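Could you build the full structure based on these sequences and the hints that come with them?
The listed protein sequences correspond, in order, to chains P and R. Take the first sequence: its letters are residues 1 to 124, numbered as in the numbering used here. Take the second sequence: its letters are residues 125 to 248, numbered as in the numbering used here.
If you're looking for bench data, these hints aren't it; they were derived computationally from the structure. Please read these numbers as outputs of a predicted model, since none were measured by experiment. Be careful, since some hints might not be right.
Once the Cα atoms are required to be at most 25 Å apart in a straight line, the calculated PhoX-like pairs of lysine-lysine come out as [as the list claims (entries may be wrong)]:
#1 P:100 - R:221
#2 P:29 - R:224
#3 R:153 - R:224
#4 P:97 - R:153
What the simulated footprint calls covered on chain R by chain P, stretch by stretch (three residues with Cβ under 8 Å from a Cβ of chain P suffice, anywhere in the stretch; the number is not a length) [stated by the list, open to error]:
#5 141-153
#6 182-190
#7 206-213
Listed next, the stretches of chain P that the computed footprint assigns to chain R, with coverage defined by at least 3 CB atoms under 8 Å from CB atoms of chain R [as the list claims (entries may be wrong)]:
#8 17-24
#9 32-41
#10 90-102
Even glycine gets a Cβ: it sits at the ideal position worked out from N, Cα and C.
2 protein chains.
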Amino acid sequence: MSIRSHVHIAARERLLDDQSAAALAETFKVLGDPTRVRILDALARAETPVCDLADVLGLSQSAVSHQLRLLRSMRLVRSRRDGRHIYYVVDDDHIAKLFKQGLNHVQERREPREPREPREPREP
Amino acid sequence: MSIRSHVHIAARERLLDDQSAAALAETFKVLGDPTRVRILDALARAETPVCDLADVLGLSQSAVSHQLRLLRSMRLVRSRRDGRHIYYVVDDDHIAKLFKQGLNHVQERREPREPREPREPREP
DNA sequence: TGACCATATGAGCATACGCTCACATGTTCA
DNA sequence: TGAACATGTGAGCGTATGCTCATATGGTCA
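Written as structure tokens, this is what we have:
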């Protein structure tokens, strides 16, 4: 077997397999919605019942509940019943780290490294 | 001003503001698609022209180009022309970190901490 | 210049998604 | 037990999204 000096080829052989790419995308997708971001942020700070969550975030109870179901199915939050309330809390420290890393990214984004073109306005 | 011992209230006052939540979600949203994950993965390993990218990933040139436009507008990749080819490469080390952190998460996911219920099958 | 290659882009379509509405389920307490 | 509160859930709607197709743009080379 001869030595191959084609770095590009060697690098490409280690490309992410489809399954990993899908899993990774799925994980990020859950975090890719403002409502879920806010819910997770709140639940990372304090265990909170659904009604309070809806109240604090200014969302309908139904909307919150639907999102919590998603987050629960992904094992990102966990719930506990106390009387008629059900308390939710973040159940994944990796997510917290991703959160912080993401915030880091967003904040450093404010000061672009090289001034190329002004920020694009909201509506295209 | 009296000292307030309500930890929950104190914590809630530091909730993510809407703008930060939106920016954070937007960042994660870009990573929340298998095609973009694969593109970014490839471009994190080697500078690659569009045609090769499409070839390696088994995607149409158009699909790749559309996604690259998105990634470019978010400043996640940068391009450089060489002859008739345009080479793309990842232009954000934060993204690379998020990627690794995310992969970490996905991989540790394989072995659940507490056996609660078996993995849900793909189709519901 | 003109054929050809590489990339960008707009239109259109099928699907995914997040919300609301209406209602079901579950718990407390008089 | 029944009223009231707290949460879960299915249906449906409007919008966002990712792809394809057709075509425009830009570069190379004979």
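Hint by hint, here is what the structure shows:
1. P:100 - R:221: holds (11 Å)
2. P:29 - R:224: This hinted pair holds, its Cα atoms lying about 16 Å apart.
3. R:153 - R:224: holds (16 Å)
4. P:97 - R:153: holds (17 Å)
5. 141-153: holds (count 11)
6. 182-190: It is violated, with 0 qualifying residues against the three required.
7. 206-213: violated (count 0)
8. 17-24: Per the Cβ count (6), the hint holds.
9. 32-41: Three-residue rule met by the segment 32-41 of chain P, so holds; n is 7.
10. 90-102: holds (count 8)
Going down the numbered hints, you'll see the structure goes against 6 and 7, while the others check out.
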